Amino acid sequence: MRDRYLKYLLVAPAVLVVFATAVWPLFESLRYSFYAGRLSRPDFPQAFLGAENYLWAVSEEPAFWNSVWVTFLFTIVTVALTTVLALTFALLLAPGGRFRVGIQALLILPFAMSPALIGVSFRFMFNPEFGLFDAFFGALMPGFADIAWLSDPVLAFWVVVIADVWGWIPFLTLVLIGGLASIPQETLEAGRVDGASGARILRDITLPQLKPVLAVVIILKAIFSLKTFDLVYMLTNGGPGNATQTLSHYVYFNGFKYSNIGYSAAVAWLLVIPMLLLTYAYTRLVFAREEQ
Amino acid sequence: MPLSGRQQTRIWNGLQVVLILLFTLIMLVPIVWIALAAFKQHVDVYQLKLFFAPTLENFRTVFEEPYSLGRKLRNSTVVATATVLVAIPIATLAAYAFSRFDMRGRTLLLVLILATQFVPAVVIVLPFFVMFRDLGLLDTLRGLVLINTAIVMPFAIWMIKGFIDGIPIDTEEAALVDGSSRIQVIRNIVLPMAAPGLVTASIFCFIIAWNEFLFALILTNRDAVTLPVGLALFKAEEGDLWNLLAAAGIIIMVPMFVLALIIRKHFVQGMTMGAVR
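Protein chains in written order, with this note's numbering: chain Z, -5 to 286; chain A, 96 to 372.
So that you can see chain A by itself, here it is in the shape it has in the complex (with noise of 0.2 Å):
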């Protein structure tokens, strides 16, 4: 029997919603299998079990002794903190005066600028290292900072101006004519409309601060060693201790996924630099 216009459109949708569904399965399951394992005694975690008593035991245990999971919480929180309070406002300078100002070697500056979050990250460690040696920088949080900072610097200058950028100059302008200096200008005019930018720049920095693996992996060992390369610590004689790491791991991701959430309509455009818009 063949099927009407009308018949086929509603298969084809319903196709579509199953298709849907199933790459949003596959896009969850590693996630929520995390989630179901952090919850789940020793011995449960060697079955598949969905339904399994639930215990908070695994997220007491990361915070004792050997694994001082707090530490390591502390340490990306100071890191990732201190990351964006330096890099935030260095960035909405440089952006204030990308955006609005012609310069010499703009476009130049603006390529270069893009072009260092792309160099790999094993090609700058190493003169890192021995410089974090010689400096006495190294398993320090300052030298983490200095580090993330760079990072960052990048994401930050090329979305703040992406917002300044949407700015209107006008009011900007009329105040200069009245006589108020530039920086009278920045301060009481950019600095508030620019706010909402300024927050979503600083939570993706402080994202990205957080995820940090390769530059804490090799500058650290015991005292400034954050999170996601505290990870590596919950590797025992008898194999991975996976009910532990699945705990260490909601505590890394589950802030990240709020953070996300709230900046999610900016969080392409920052990754892309306005590649894409």
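Looking at chain Z on its own, in the form it has when it is part of the complex (with noise of 0.2 Å):
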């Protein structure tokens, strides 16, 4: 067969999938949000509402504001601090040699666990009877010991944080250190040929040319914290009250709990909104240096 069939006979199984599992239920679930969609009814969708399930959200209900703010407030926190901490790990570990690379092929390790599980591993830890975390801080300071820590609204918003952050400091860290490692030699060496100090050349030479990669990092980190379920699912259920519910966590619990699929799907577009102007970032980004 010619091949200007045949290359479109090749991607065309990968595209029906694509298309069939992401983008036909996307625009599915455009259409259910203007419906009024109570999965218990064998009917389903039920009457046309127009807007109104947008509009509940937005006027009636107070618990969907209340994930917004969690929301907005985990992402723009746990994207600070990853990206901080990591970048401050990628620097300690980019100079090489074998102690360095061996602490690298570590750093692979709490990448492969599932969030489900890091968030199963941090309610142990912090458990306020028998938990490491509790029994550390009780030590250090006696004042802080058997602290409900997932019990308090504001100190279970912290652990998820905490329990976030550190399970993707390590892959964050990873790709910094391939950005580090592509910065040219010459460069850093000529920095430091005039003279200048670690720090300065840090400010002056590193970091702008890490500008490409730091931004891949962010905005790949902040898609992944608007998404965020298994964690605050595994660790805090949403609560104390709803003091941890994300909003996905919202739509899975109106959607699944009081199966009120409509609703649902109309908090759901309100999450797919900030997360089209990240993508279209992010494949901004990727393909400015895929033409290079």
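These are computed hints drawn from the structure, not numbers from a lab.
Be aware that one or more of the hints could be misleading.
What the hints assert, rightly or not - Residues from chain Z shown here face chain A by an in silico Cβ test under 10 Å; the list is partial:
{"hint": "1", "residue": "Y2"}
{"hint": "2", "residue": "P7"}
{"hint": "3", "residue": "T15"}
{"hint": "4", "residue": "V17"}
{"hint": "5", "residue": "L24"}
{"hint": "6", "residue": "N60"}
{"hint": "7", "residue": "V62"}
{"hint": "8", "residue": "F66"}
{"hint": "9", "residue": "Y227"}
{"hint": "10", "residue": "P234"}
{"hint": "11", "residue": "V266"}
Claimed, not checked - Derived DEER-like restraints, expressed as beta-carbon distance ranges:
{"hint": "12", "chain 1": "Z", "residue 1": "A275", "chain 2": "A", "residue 2": "T172", "range": "36 to 44 Å"}
{"hint": "13", "chain 1": "Z", "residue 1": "A99", "chain 2": "A", "residue 2": "Q111", "range": "16 to 24 Å"}
{"hint": "14", "chain 1": "Z", "residue 1": "S176", "chain 2": "A", "residue 2": "E152", "range": "45 to 53 Å"}
What the hints assert, rightly or not - Here are a few chain Z residues that sit away from chain A, every Cβ distance over 12 Å (derived from the structure):
{"hint": "15", "residue": "D(-3)"}
{"hint": "16", "residue": "A16"}
{"hint": "17", "residue": "A41"}
{"hint": "18", "residue": "L49"}
{"hint": "19", "residue": "E54"}
{"hint": "20", "residue": "E55"}
{"hint": "21", "residue": "I70"}
{"hint": "22", "residue": "A74"}
{"hint": "23", "residue": "V155"}
{"hint": "24", "residue": "W160"}
{"hint": "25", "residue": "A190"}
{"hint": "26", "residue": "D198"}
Since we're looking at a predicted model, the values are computed, not measured.
Backbone N, C-alpha and C fix where the C-beta goes; we use that ideal spot for every residue, glycine too.
With the hints in hand, could you dock these two chains into one complex?
Here it is, written out as structure tokens:
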């Protein structure tokens, strides 16, 4: 067969899979969001509601705004902490040598862990009676012993943040090490010859050159922070109350605990919008590099 | 006493090593903690002992009723394996075409495929739940394979495309001039050369499918439950059964650690889809 037809035949199955499993459900969800969609009833979806599901979320549901706020705060905090800590770790590990390369290999481990399992592990460590974290804090500052971390709305939020940052630092560190390795040695060498201090080389040469990779890291982490579900489900299940309920968890809760698919589809689409903007920014970055 | 330049460098290096070790310790503590708890007896879990009489009891208990982790282990293995077997051939064909041919809408398609991994799973799962209910696919392994194929597809295409991009095109062109068909070229030249890349992509996709949580949570309830969802079983009236949770955790994470270490050079590349090289 001629290549001009063959090439389309080769990509057809993959494109079909992607359309059937991502594009179609995305728009099917959009359709649901305009209907009353009670899962418990056999006819689905039910009456057409227009924009009512959206209006209900933004005007009648404090729980919706709560989850928007939780997700927003969670994203800002985790992106900032993960980026700063991963950059620090990457700068420490980048020089290479057997010791540092060995540590780099270990970094892959937390990333191969299921986020659900990370949630379980941190719930275990923050247990007020026998958790490792509690014992550590209790020994350091006796006044802080036996705190019920996960029963306090503010502390529980920070436990989720810590668990998430813990899970993401290793991977983003490896990405940044890759970025650091691609900075041309000559520019660094030139800085050293000119007698610039380590701090100045970092500020004036390394960081500016690392900017594209840092941008990728920040956007990628923001995307995954906005979607956070597994970790929250296993660690706090959104609680106490709804103090740690992210948007994804709120959608899940309304869709599958209250079987209100129409409403949860509307909320889900409100989550899709910022995601589209971030995805656009990410693909622009990737293809800018591709075309170089 | 002012320090000489050499002394300063030495102190700075020592400080770096201390910081690296501290970071690494923090990274490993939760993993080690699970590993220890998995070998503890029920009473020891509630104490912070580093030294205890280790037991394999937990690993026996999790496979017995009512937990029957064996079933979930089988489900996870079947789903992840079948996902790889379905997704990798499809992805390989597409990756080859994207790598070697110019076609209309190529960039747009690649962007679209890349972007699908960023769609929040909770959005996708709503229509899938309704569809699976209508088609009788709820709580089946087939349904999970379908979903996981979709999840891994963008990663697989981008990863394999990266590997094929790295194969020199000369041998292929020579074979075409000698009268081989394009299909023969793919089978006899490209596949053998891309084999290490295909293995890497397969392992990467296996890990993603193995760890997938949200879809399995919503689309299964009894027969097709996978390992990560099975973790929720170890909640009893008296609270979480930590030693059993830990044993199940070991069973979930250790095989993935081994796989991740095998492909660790390509792990970062796979996740960022060529955004970082």
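Let me know if the C-beta of T15 of chain Z comes in closer than 10 Å to any C-beta of chain A, holds or violated.
Since chain A brings a Cβ to about 3 Å from T15 of chain Z, closer than 10 Å, the hint holds.
Interface hint for Y227 of chain Z, Cβ within 10 Å of any Cβ on chain A:
holds, 7 Å
Per the CB criterion, is N60 of chain Z less than 10 Å away from chain A?
Not OK, violated: N60 of chain Z not within 10 Å of chain A, min 17 Å.
Examine each Cβ of chain A, and state whether all of them lie more than 12 Å from the Cβ of W160 of chain Z.
violated, 7 Å
Find the nearest Cβ of chain A to the Cβ of L49 of chain Z and say whether that gap is larger than 12 Å.
The claim stands: L49 of chain Z keeps its Cβ more than 12 Å from every Cβ of chain A (closest is about 19 Å).
Looking only at beta-carbon atoms, does the pair A275 of chain Z, T172 of chain A fall within the given range of 36 to 44 Å?
Holds, at about 38 Å.
D198 of chain Z non-interfacial with respect to chain A [C-beta, more than 12 Å]
holds, 19 Å
Should the hint that F66 of chain Z touches chain A count as held when the rule is a Cβ pair under 10 Å?
This interface hint is violated because 15 Å lies over the 10 Å limit.
Least C-beta distance between A16 of chain Z and chain A, which was stated to exceed 12 Å
Non-interface label on A16 of chain Z violated, nearest chain A Cβ at 4 Å vs cutoff 12 Å.
For E54 of chain Z, which was marked as not at the interface, is the minimum beta-carbon distance to chain A over 12 Å?
Holds, since 21 Å exceeds 12 Å.
Does P234 of chain Z pass the interface hint, meaning its C-beta sits closer than 10 Å to a C-beta of chain A?
With Cβ-Cβ at 16 Å, over 10 Å, it is violated.
Falls inside 45 to 53 Å, the C-beta gap from S176 of chain Z to E152 of chain A?
holds, 50 Å
In terms of the numbered hints stated before, the structure departs from hints 6, 7, 8, 10, 15, 16, 24, listed from lowest to highest.
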